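Engineer: The residues making up each chain are set out below.
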Amino acid sequence: MSTHAEAAIVGLTHGGSEDTGLGQRGPASKSIVVPYGFWLFVLSDMVLFSALFATYASLVHATDGGPITNQVFHRDLVAVETIALLVSSFVCGLAMITAKRANMFWTQVWLLVTALLGLVFLYIEISEFAGMIAIGAAPQRSAFLSAFFTLVGCHGLHVTCGLLWIGTMMAQIWAKGFQPHIVRRLLCLSVFWHALDIIWVAIFTIVYLIGTLP
Amino acid sequence: MTEHDPERLNVAPGTPHDSMLSETISYVVGLSLALLLTGVSFWVASTSVLWGPGVAVGLVVLAIAQMGVHLVFFLHITSGPDNTNNVLALAFGVLIVFLVMIGTIWIMAHMNTNMGVSPELMNLQAQH
Numbered sequence: 001m002s003t004h005a006e007a008a009i010v011g012l013t014h015g016g017s018e019d020t021g022l023g024q025r026g027p028a029s030k031s032i033v034v035p036y037g038f039w040l041f042v043l044s045d046m047v048l049f050s051a052l053f054a055t056y057a058s059l060v061h062a063t064d065g066g067p068i069t070n071q072v073f074h075r076d077l078v079a080v081e082t083i084a085l086l087v088s089s090f091v092c093g094l095a096m097i098t099a100k101r102a103n104m105f106w107t108q109v110w111l112l113v114t115a116l117l118g119l120v121f122l123y124i125e126i127s128e129f130a131g132m133i134a135i136g137a138a139p140q141r142s143a144f145l146s147a148f149f150t151l152v153g154c155h156g157l158h159v160t161c162g163l164l165w166i167g168t169m170m171a172q173i174w175a176k177g178f179q180p181h182i183v184r185r186l187l188c189l190s191v192f193w194h195a196l197d198i199i200w201v202a203i204f205t206i207v208y209l210i211g212t213l214p
Numbered sequence: 001m002t003e004h005d006p007e008r009l010n011v012a013p014g015t016p017h018d019s020m021l022s023e024t025i026s027y028v029v030g031l032s033l034a035l036l037l038t039g040v041s042f043w044v045a046s047t048s049v050l051w052g053p054g055v056a057v058g059l060v061v062l063a064i065a066q067m068g069v070h071l072v073f074f075l076h077i078t079s080g081p082d083n084t085n086n087v088l089a090l091a092f093g094v095l096i097v098f099l100v101m102i103g104t105i106w107i108m109a110h111m112n113t114n115m116g117v118s119p120e121l122m123n124l125q126a127q128h
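So the sequence lines, in the order shown, correspond to chains H and X. Numbering-wise (our numbering), the first sequence opens with residue 1 and increments by one. Numbering-wise (our numbering), the second sequence opens with residue 1 and increments by one.
Everything labelled a hint here was simulated from the structure, so no lab data went into it. Being a predicted model, the structure only gives us computed values, none of them experimental. Glycine is no exception: its CB is placed at the ideal position from the N, C-alpha and C atoms. Check the hints yourself; a few may be wrong.
To give an idea of the chain H side of the interface with chain X (calculated C-beta under 10 Å), a few residues [said to hold, decoys possible]: (1) M46; (2) T55; (3) F90; (4) K100; (5) Q108; (6) I126; (7) S127; (8) G131; (9) L187; (10) D197; (11) I198; (12) Y208.
With the sequences and hints as input, model every part of the structure.
Structural biologist: Shown next as structure tokens:
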């Protein structure tokens, strides 16, 4: 199906007109517009995180006599989290490659591996949070800890949503096959998952590595 | 499918390449570079070989480099004409992110040092 015919079906053009140039081409097809719109959402999500980063950077020394960064962060755990999320992002890319070729088995396998690595990340993060709260480094202890739990917790919440989305997409691919609208959703999912990894790069650098410098 | 149209003017972020080989290579190269940069970051943060005050700046530079790697090799953001819209949106996003972060950190640091009444009140560690 050509771009134009598809656009005509969804009512985006007046139909029948030939492409004569950029100005009269009309809107791009849904396979472009939908992921582009999602790209805009992802970028606005990064703006949201930039506000949380700015808050954290402003409050990192406001410890109220409570625990400071060096006492609550463990680099080795963060290294495992980082590698889990990075490899997860890579495997998500593999899932996209097989999905483009409509390979049901490998798409499901790669999506499952993506989700499992995401679960590893989330498990470590939750146990880190639980360990901090157990030693009295809870969000209500100081402004630094409030900012920390808001920033890192917001990222963890995004990962949780991503995991639910991965499960949903696995079910939808299984039930409906590689229809264009399903593949579009899968593309949006991969953009989301890669974006989470980009945000994590900022978190492990600013919060964990710079926070634990000697 | 429109995605195979060779004359397309735009391409969505993250869209797989048409060639499976180049697509796979892109992801493998991206993963290798990202692992390398992550490793260097962790090494830089723990070594005592480097000049201490410069380490934080170096870490930020490494992080920005790794974000670039993710954008290029995982999200397939390129400088090609079919990516103009994606790049423009990204540029605007980056502008806002830097304005918010640098603006906030700058202003809050100045307020912290300039607006105090007494050194006692200035000490953030004594505040909730």
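Engineer: Now tell me if each hint is right for this structure.
Structural biologist: Taking the hints in turn, this is what the structure says about them:
A cut of 10 Å between beta carbons decides the hint on M46 (chain H): the least distance to chain X is about 6 Å, and the hint holds. Given hint, T55 (chain H) at the interface with chain X, holds; its Cβ is 7 Å from that chain's nearest Cβ, closer than 10 Å. Hint status for F90 (chain H) relative to chain X: holds, with the closest Cβ pair at about 4 Å, below 10 Å. At about 5 Å, the closest approach between the beta carbon of K100 (chain H) and any beta carbon in chain X falls short of 10 Å, and the interface hint on this residue holds.
At about 17 Å, the closest approach between the beta carbon of Q108 (chain H) and any beta carbon in chain X exceeds 10 Å, and the interface hint on this residue is violated. With a cut of 10 Å, the hint placing I126 (chain H) at the interface with chain X is violated, because the nearest CB-to-CB distance is about 22 Å. With 10 Å as the threshold, the beta carbon of S127 (chain H) stays out of range of chain X, its nearest partner Cβ sitting at about 20 Å, so the hint is violated. Taking 10 Å as the C-beta contact cut-off toward chain X, the hint placing G131 (chain H) at the interface is violated, the least distance being around 21 Å.
Among the interface hints, the one on L187 (chain H) holds; its C-beta lies about 6 Å from the nearest C-beta in chain X, closer than the 10 Å criterion. The interface hint given for D197 (chain H) is met, as the beta carbon of that residue sits about 6 Å from the closest beta carbon of chain X, less than 10 Å. Contact between I198 (chain H) and chain X, as hinted, is supported at the beta carbon level, the nearest pair being about 5 Å apart and thus within 10 Å. Evaluation of the Y208 (chain H) hint against chain X yields a held restraint, the C-beta minimum of about 9 Å falling below 10 Å.
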